[in-house]
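Fit chain C to the supplied structure of chain G, relying on the hints for placement.
Here the protein sequences come in this chain order: G and C.
Per the working numbering, residue 1 is the first one in the first sequence, and the count goes up by one each step.
Per the working numbering, residue 1 is the first one in the second sequence, and the count goes up by one each step.
Watch out, some of these pointers could steer you wrong.
Copies of the same chain look alike in the list, so a pair counts if it works inside one copy or between any two.
Unchecked claim - Derived lysine-lysine pairs resembling PhoX-like cross-links, with alpha carbons at most 20 Å apart: (1) K89 / K360; (2) K398 / K514; (3) K467 / K289; (4) K137 / K310; (5) K137 / K514; (6) K314 / K42; (7) K360 / K314; (8) K126 / K482; (9) K137 / K126; (10) K360 / K514.
Simulated from the structure, these hints should not be mistaken for laboratory data.
Each chain is listed here by its residues.
2 protein chains.
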Amino acid sequence: MRNRIAVVLLTALLSAAAHADEGMWTFDNVPTQRIAEQYGVKIDQPWLDRVRLATVRLADCTASFVSEEGLILTNHHCITRCLAENSTKEQSLLDDGFIARNRDNEISCPTQVADVLVAMTDITAKISAATEGLDEKAANEARKQARTRLEQTCESETGLKCQTVSLYNGGQYFLYQYRRYTDVRLVFAPEAGIAAFGGDPDNFQFPRWCLDMAFLRAYENGAPVAISEPLRINFAGPAAGELVFVSGHPGSTDRLLTVSQLQVLRDTVMPQSLLRASELRGRYIQFSKQGDAERRIVADTLSGLENGIKVRRKLLDALLNEDLMQAKREAEAALRTAAAKDPTLANLGDPWAEITSAVKAASDTELDYTFLEGGAGFNSQLFRMARAIWRAAEERSKPNEQRLREYTDASLPRLRQQLAASAPIYPELETLTLSFGFERMREWLGPDHPVVRQLLTSDSPDGLAQKLVQNTRLTDPTERLKWWDASIEALRASDEPFIQLAREVDQTARRLRKQREDEIDAVITDAEERIARARFALFGTEVYPDATFTLRLNFGTVQGWLERGQQIKPFTRLETAFARATGEAPFAIPSSWQEKRERLNPDTPFNLSTNNDIVGGNSGSPLLNAQGEIVGLIFDGNIHSISGSYGFDPVMNRSVAVHPAIMQTALEQVYQAQSLLNEINAR
Amino acid sequence: MRNRIAVVLLTALLSAAAHADEGMWTFDNVPTQRIAEQYGVKIDQPWLDRVRLATVRLADCTASFVSEEGLILTNHHCITRCLAENSTKEQSLLDDGFIARNRDNEISCPTQVADVLVAMTDITAKISAATEGLDEKAANEARKQARTRLEQTCESETGLKCQTVSLYNGGQYFLYQYRRYTDVRLVFAPEAGIAAFGGDPDNFQFPRWCLDMAFLRAYENGAPVAISEPLRINFAGPAAGELVFVSGHPGSTDRLLTVSQLQVLRDTVMPQSLLRASELRGRYIQFSKQGDAERRIVADTLSGLENGIKVRRKLLDALLNEDLMQAKREAEAALRTAAAKDPTLANLGDPWAEITSAVKAASDTELDYTFLEGGAGFNSQLFRMARAIWRAAEERSKPNEQRLREYTDASLPRLRQQLAASAPIYPELETLTLSFGFERMREWLGPDHPVVRQLLTSDSPDGLAQKLVQNTRLTDPTERLKWWDASIEALRASDEPFIQLAREVDQTARRLRKQREDEIDAVITDAEERIARARFALFGTEVYPDATFTLRLNFGTVQGWLERGQQIKPFTRLETAFARATGEAPFAIPSSWQEKRERLNPDTPFNLSTNNDIVGGNSGSPLLNAQGEIVGLIFDGNIHSISGSYGFDPVMNRSVAVHPAIMQTALEQVYQAQSLLNEINAR
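Excised from the complex, chain G in its bound form:
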């Protein structure tokens, strides 16, 4: 595999066209010509518009409208937060699943949103005009101000949610307009036992047997949202080899990073974050063994953490692959050579060297930044809320354009929504994570660091964490909103412990943030824009931008792959799930399925694999056939897909989806949710 990755990367980076099925294409730049040539299928603008308007962006996942009454299909693992928010120590919707037998029983997901991309405008020229002739630091400031201004104007004029988007690492800027639904309710979720069958051990594995599906519903003014053209589900699913599309929001890839940026990831960012995450995992696991209540309250958080660990472990492996790094070096050298020969790029300078200097400079304050501004030292929901309250008050006193980007007028409603949500906050878990953060901050910054001394003069990490959590009232949303609405003077005088803490460390944290933005980010952004300019000059838009959690389309086919000489077939069947079960979590199949086992068709297709180019954020994406019908529900990639962050490997990289047939079986025969099926099919 090693050499293969190398070759592929070279191809991707050096040639004008990416590999056949590679690419996360923005909807304004889908290579329809290539699709037509390669697969004889014509994708036209109405097809693209229809798919775009039925694709939904959730807080950190993708989804799609599947009924005219606002029904949303996504993954179970995309709505576990909603399940946790509606659970208690005593009862877990994660364990038990949830079915709303009628509209009145649908329950709120208080921190969820559902966005639909309704318009995209190229604003590259406007951003360029705003930064023209300025030095890096001033340009960075001007760019942020221009983005805030454009967003605010757009929101005022349209009433839509407006976000500026940087594509091709600053090569293009777009203004995206979303219709946003903030009243999102839970309709259906199976038990975690079947939704995440195999748990962390099977995560990113295939063959696989996960019913990783769930339904939400978007409401507006207390009524379900009317959707004119929802996607139709084709319960027969696709054939092996069939052309399939994924419409969704890949979260983040790093395919365009320079070699020095990749080296920092490899040598510093990944190892350090993995060490912290691994220890926290150990603390969570041991905590979860104290009893059933403890297991329940940590389950969702733990599984998110474990997913992150697996991803970063494999990313680190990829970065440690000397062949991949060598290919990146060669590709970068080739781009630099080609750029040097192009007379239109005479003013390019050496952005690669500038990035190298900037990342080196960043390493001096990396630990301080990570713990104090990045939040690793204050690992707690309550602290994050308190910091948001404190900073929002400070920022609101400034003109909109001069604020930190996450406190602009366009951003405040979402922050308020999160503070207002009545999701449970467990003191024992907050104490655990806070104590962990303090302890590691003391370890990594040293006991003599000024902030460590300030916080731990007479307290142990545990003692300080307990004191804060015992005395806070921020677990109550009413209390949070009270402080959210309070004056800056009232906050300055507040003896709410977390607001005090946020206040006390904020000068240091803000100084680190400012320094990072002015001296590091500004340089990198400027240099990246010039690299993007070189790439456009040489390749045009025949390449695609790195993933940025914005809407993309990609195409591929249903297929397995060859793993160490063994052919992996692209479909799994229900029967094999039962055969794999040990009876112990995470390999225990819930009783709802055990009881119906005899009546179910053992040959029902369960999961499938395709070679679509996806990444985290694509979870919940509809897998579509040429007619734009749903023939699968993306929920994972195989283990080789993780290194896709740095380059797509067409031979090994596979996405993994739930087959529609198992969804139908589940709804019809296991959960008796015929009304949902009727709603979906009612067209």
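For chain C alone, coordinates are given in the frame of chain G:
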């Protein structure tokens, strides 16, 4: 610092002579000439013999005889295992400390040994003769057999403990003869609160304030061992800049490894072991928070683990230092070039390339090896004992020379001593570590690995661990000795759960071991011997061998260093310890000291730093002046000393010792142990 390390390494590796104060010299090759030239101090053979015969090797530390009645001075952290073995859930000698007010109160350290090196014989020619003309695999086998034979003959003839030692990575072989004492008793240990003041946060830091001292006593036939020439303690301590020596047993360094071996450490060994250790740390910490009993039973294990994490984190940092790696590459290239030009090395071949191939080949089975033979999958004292019982029975049926090296006749008594020790084994801790091992084995080897399937068909990792621990009787030493003495047939039929488990996985584990020894280790050993030959041909023995937990002497001076522009002074004082205390562990000073505070001289020197070249294993080493008097007790290095594993940095690398003055104050004024002082001074 980056460039400095680079230059130093080049100097060390390329020039005939190491840097002035660098070097861990075997006692047969101490550079007395250089010491005389550099410091005007003449070290003669009687000095060396006297120091050697008063230096003691413990199970994993160094110590020294300080009275004619077998009193042994070492570090507190070298005897914490003995403290734990004599503690219970209810009461911890780690917390409380221990003073034997008379001989009868001295308590056994059941798994401790004390060795004194009485003779050293060069056996290089004998080993060479045994392997002459054989291929790598056969030579490896013949070498092991020759070592076992030489050890056995020596033990039979002398009654001493005989160990063959590979120096210069196979460039020399020696037979070392030790007088071994297996009845070692605890005399004095302060509370961990003062012995390890600052705990993990301050570990490897300086300035420092740790009373990391303890006394043991060696017994023979129920009476204290008579020592003719114990070391004298000079309680005034050394002056700044004074020449000082460290006599001790540095555990392991990797200064002679090839670049490809260092890369494997950097890319695979260190990250993987750190991730596992970090998670286990999290589990231990969370476990310790469940209550006082839990905190007590995990304290010693946790602090050992945390020490290992800090060491490996800094080793990884060193390996990720591109300047260091570049220096290693250049040094290797220079050695290869020089070797190629030397006609006496015409038959050298390309051992560097052979090692590169071997370490690449090893990576294919690395995970299997680590979890199944290396024991990461069966992380438990009880499993290790069961495996020792099972393998010893199998091995005893073979001729001595053909056994695995750890089961030769010379090795069995030490194994038996460990099995017979009545140290407490805590079921809850065994369950924790076993469950962790099973869970990570399933994660890293995958749920479909044959051994994972075999073990976890119907059990969860937790369930299996609990079942094993609940049903075992191996927590009882009598039971362990019963099985140790049992026939192989009885063991084959045994339903003792851990023996069953050891038996069930042993074929796979042994196969991995055999493959590793025949195909990887044999190649590497052979190649390393040739590299050592080249080094001798070019540099003679003006270089020193890597540390191997054998006796070494090094020299240096009392000095601080310059840390980011700030001069660190080489001595700390008692007063500053009180100023640093927060009242919360690990920064809480025990009440024994608090109560006496007013009566103690605040200026009493506490710890000191020197530029001696030491490493783990040197803990407990006497720091000696030119007269061979103890002027300090080595217990740590500064943070920069950790990278000393790959190359000594004379500018930053410092060792850290307990000052004799604080020992005197402690014994006299805090612990009222005047009789111990009298015994020490009685000459």
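* **K126 and K482: within-copy, between-copy, both or neither at 20 Å Cα** => neither (39 Å within a copy, 84 Å between copies)
* Are the CA atoms of K137 and K514 at most 20 Å apart within a copy, between copies, both, or neither? -> within (11 Å within a copy, 61 Å between copies)
* To do: Using 20 Å as the alpha carbon limit, work out where K89 and K360 are close: within a copy, between copies, both or neither.
  => For K89 and K360, the Cα distance exceeds 20 Å both inside one copy (46 Å) and across copies (50 Å).
* Asked: For K398 vs K514, is the C-alpha pair at or below 20 Å within one copy, between two copies, both, or neither?
  -> within (16 Å within a copy, 70 Å between copies)
* **Within, between, both or neither: K314, K42 at alpha-carbon 20 Å** => Neither. Shortest intra-copy (37 Å) and inter-copy (57 Å) distances fail the 20 Å Cα cut-off.
* Alpha-carbon proximity context of K360 and K314, limit 20 Å -> between (24 Å within a copy, 19 Å between copies)
* Asked: With identical chains treated as interchangeable, where does the CA-CA distance between K137 and K126 reach 20 Å or less: within a copy, between copies, both, or neither?
  -> within (18 Å within a copy, 71 Å between copies)
* State whether the alpha carbon distance between K467 and K289 is at most 20 Å within one copy, between copies, both, or neither. => between (24 Å within a copy, 16 Å between copies)
* Using 20 Å as the alpha carbon limit, work out where K360 and K514 are close: within a copy, between copies, both or neither. => For K360 and K514, the Cα distance is within 20 Å only inside one copy (17 Å; across copies 45 Å).
* Up to 20 Å CA-CA - K310 versus K137, copy category -> neither (37 Å within a copy, 38 Å between copies)
Consistency with the previously given hints fails for numbers 1, 4, 6, 8, ordered from lowest to highest.
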